[in-house]
Amino acid sequence: MSTALAQTWYMTQRQLMVFARQPAYAVITLIQPVIWLFLFGSLFKEVVELGGFGTTSYLDYLVPGVVVMSALGSNLWAGMGTLEEIQRGTLDRFLTTPVSRAALMNGNVVHNGIVTALQSAVIVLLGLLGGAHYAGGVLGVTVLLVASVLLGTVFGALSNALGMLVRQRESIIGINTFLLLPLTFLSSAFMAPAQMPGWMRQVARVNPLDWAMAAGRSALSADPDWGVVLVRCGGLLVLAAAAVWLSIRTFRSYQRSV
Amino acid sequence: MSSISSPRGTRAPAVEARALIKTYPGGVTALNGMDVTVASGTVFGLLGPNGAGKSTTVKILTTLARPDSGSATVAGHDVLRHPDRVRRAIGVVAQNSGADLVATGRENLRLQGRLYGVGGAVLERRVDELLERFSLTDAAGRPVAGYSGGMRRRLDVALGLVHRPEILFLDEPTTGLDPEARAAMWDEIGRLAGAEGLTILLTTHYLEEADRLAERVAIVDRGRVVVTGTPAELKGELRGDAVHLELRTPLGDTGRSLLDAALGALPGVHEVVGDGRRISVRADDGAAAVPALLAALERAGVAVAAATVARPSLDDVYLRYTGRSYADADGASSASSAPVLAGGAR
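From first to last, the protein sequence lines are chains G and X.
Residues in the first sequence are numbered consecutively from 1, following our numbering.
Residues in the second sequence are numbered consecutively from 1, following our numbering.
Don't read these hints as lab results, they were simulated from the structure.
No residue lacks a Cβ here, since even glycine has one placed at the ideal position from N, Cα and C.
Honestly, I wouldn't trust all of these hints.
If you want a taste of the chain G side facing chain X, the calculated C-beta under 10 Å gives, among others [to be verified]:
{"id": "1", "residue": "ALA6"}
{"id": "2", "residue": "GLN13"}
{"id": "3", "residue": "GLU85"}
{"id": "4", "residue": "ILE86"}
{"id": "5", "residue": "GLY89"}
{"id": "6", "residue": "LEU95"}
{"id": "7", "residue": "THR97"}
{"id": "8", "residue": "PRO98"}
{"id": "9", "residue": "VAL99"}
{"id": "10", "residue": "VAL166"}
{"id": "11", "residue": "ARG167"}
{"id": "12", "residue": "GLN168"}
{"id": "13", "residue": "SER171"}
{"id": "14", "residue": "ILE175"}
What follows is a set of in silico ranges between Cβ atoms, one per label pair, in the way DEER data are often shown [unchecked claim]:
{"id": "15", "chain 1": "X", "residue 1": "SER69", "chain 2": "G", "residue 2": "ASP225", "range": "54 to 64 Å"}
{"id": "16", "chain 1": "X", "residue 1": "ASP68", "chain 2": "G", "residue 2": "ASP225", "range": "36 to 46 Å"}
{"id": "17", "chain 1": "G", "residue 1": "ILE175", "chain 2": "X", "residue 2": "GLY119", "range": "36 to 46 Å"}
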């Protein structure tokens with residue numbers, strides 16, 4: 001057991017090193033969230049007056065939405081990294097060592113989780129600088145980070161599995177473009193459910209993106225509904241576990257194709 | 001073919017593969033009854049053109065791929081039933097080993113060692129030793145992205161040796177290297193072979209490389225081994241040297257058959273082939289046969305422009321067993337293969 005943990009840490013460490021030694025890349029990934037946060041924040045400032053947002057400041061409402069959307073956006077590209085490691089021969093090199101297959105995949109998961117948590121924390125801070133209020137305090141922010149990490153894990157693991165199965169950049173780019181905006185706009189990221197058409201509200205209810213936003217928003221409010229937080233985060237945890245299990249299973253089909 | 005017995009031959013073989021068959025999705029048959037036996041402590045070469053099935057064999061023996069049927073043991077462990085035991089016993093240097101580009105050479109080696117459970121001062125000593133041995137000490141602290149092709153290849157081999165494996169797999173160790181780096185790599189591999197009782201299985205599509213490094217060679221064609229032996233045995237089957245004679249003036253058919261009969265009757269001369277202007281002769285000892293051949297030609301009144309003696313090469317062996325010239329087979333299949341060092345750019 002301790003071996004598997006140590007191996008997971010080695011695999012995490014090597015990926016964090018890539019992240020740490022290319023700081024420009026980390027800065028670039030923050031440009032989009034900043035645009036969403038401040039462009040949308042000022043553009044639709046008045047939208048809260050329609051009601052149903054649970055707050056009088058649109059920026060307060062927007063922060064959890066942008067945090068979760070960014071978690072989705074960055075994790076969807078995890079498969080690209082895996083694909084590159086396959087093409088460079090790195091994955092095969094590890095697969096011929098005694099390292100556990102779970103550790104290989106979990107290293108990805110932990111690394112993506114750490115990066116997602118950092119990215120989310122920076123967006124929360126940027127929101128704070130822009131004048132957002134987090135009534136739920138540190139606990140509320142923590143719940144939001146956990147929810148965004150879980151959501152990122154679901155899509156990061158699926159993207160990794162996809163990278164191993166299709167082994168084509170184009171497929172990953174295609175699927176990401178196909179998923180990112182619909183998943184975001186069919187959630188409560190920018191608009192309160194109360195203001196959505198009925199069909200859209202129904203779709204949003206089964207959208208995991210919306211679960212993460214709902215849990216984060218509730219925890220950040222002055223009067224959190226812990227039942228909502230628990231059910232939504234529980235649902236995300238189950239999805240995340242299933243996605244990681246699936247991605248580890250994918251090694252077998254990869255093995256058949258090499 | 002008889003195999004030459006050696007003191008090492010009494011130990012169990014390091015690698016034994018029987019009747020491996022592997023078909024890829026899409027119906028491409030990569031292996032079609034592949035048999036390989038590698039004696040412990042020897043250097044064994046799988047020689048064949050691109051696409052012959054060498055890399056697929058290595059992938060199965062190193063637990064990366066599963067065969068459709070057939071069996072294989074490596075270091076005494078079944079590759080399908082106990083892949084973990086196999087993995088502990090082997091070091092693998094694939095065609096693309098994919099060292100982490102942003103990490104330094106030292107960091108790559110350290111991580112590789114840790115994956116085998118080596119750590120602490122033992123690992124540090126081993127890493128230093130390998131850096132030294134592969135002339136990477138000066139570059140040890142630099143990111144691999146800045147290494148030359150030859151340096152990366154040396155690091156790849158070092159990565160395969162960190163945990164002191166019993167058996168080292170080298171898949172095309174010098175493909176893509178310039179001649180100087182290739183010669184240096186040959187020296188390194190030659191040194192490795194003598195040390196620590198290491199068994200080496202290498203694949204190559206360079207005839208010269210197999211001839212120079214391997215104690216035994218298996219020629220692979222279309223997913224199976226067509227012949228196995230020491231390079232000397234294989235070349236010996238071609239019965240001696242080739243003597244190529246070039247005539248000043250072409251001979252007619254009648255003149256040729258008379259001349260061929262006269263040359264073939266000389267002691268130590270076997271096959272006589274050629275066209276009107278060129279004559280190729282197999283002789284037990286090429287250099288010794290030349291004076292007799294020239295004298296016979298003079299008696300027949302035929303003027304000779306040039307005579308050359310060539311030692312038999314694995315090229316001739318390949319031609320004999322597959323019916324195709326090696327360069328043709330390799331050229332035909334390598335056109336579709338990817339460049340070896342591609343894919344590193346971000």
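Hints, one by one, checked against the model:
A least Cβ separation of about 8 Å between ALA6(G) and chain X falls short of the 10 Å threshold, and the interface hint therefore holds. Annotation: interface hint on GLN13(G) holds; nearest CB of chain X at approximately 8 Å, less than 10 Å. The interface hint given for GLU85(G) holds, since its Cβ lies 7 Å from the closest Cβ of chain X, which is under the 10 Å cut-off. With its C-beta approaching chain X no nearer than about 9 Å, ILE86(G) sits inside the 10 Å limit, and its interface hint holds.
A distance limit of 10 Å between C-beta atoms decides the matter here; for GLY89(G) the minimum to chain X is near 3 Å, and the interface restraint holds. Interface restraint check: LEU95(G) against chain X, minimum CB-CB distance 6 Å, threshold 10 Å, status holds. The closest approach between the C-beta of THR97(G) and any C-beta of chain X is roughly 4 Å, which is under the 10 Å cut-off, so the hint is satisfied. At a threshold of 10 Å, the smallest CB-CB gap from PRO98(G) to chain X is about 5 Å, leaving the interface hint in force.
Against a cut-off of 10 Å between C-beta atoms, the interface hint on VAL99(G) holds, since the closest Cβ of chain X lies about 5 Å away. Given hint, VAL166(G) at the interface with chain X, is violated; its Cβ is 13 Å from that chain's nearest Cβ, farther than 10 Å. Interface hint at ARG167(G): violated, since its Cβ lies 12 Å from the closest Cβ of chain X, which is beyond the 10 Å cut-off. Annotation: interface hint on GLN168(G) violated; nearest CB of chain X at approximately 14 Å, more than 10 Å.
Below 10 Å, beta-carbon pairs count as interface contacts, and SER171(G) has none with chain X, the closest being about 16 Å; its hint is therefore violated. At its closest, the beta carbon of ILE175(G) sits 21 Å from a beta carbon of chain X; the interface hint therefore is violated under the 10 Å criterion. In this structure the hint that SER69(X) and ASP225(G) lie 54 to 64 Å apart at CB holds, the actual value being about 60 Å. For ASP68(X) and ASP225(G), the Cβ-Cβ distance of about 56 Å falls outside the hinted range of 36 to 46 Å, so the restraint is violated.
In this structure the supplied range 36 to 46 Å holds for ILE175(G) paired with GLY119(X), their Cβ-Cβ distance being about 40 Å.
Checked against the numbered hints listed earlier, the structure breaks hints 10, 11, 12, 13, 14 and 16; every other hint is satisfied.
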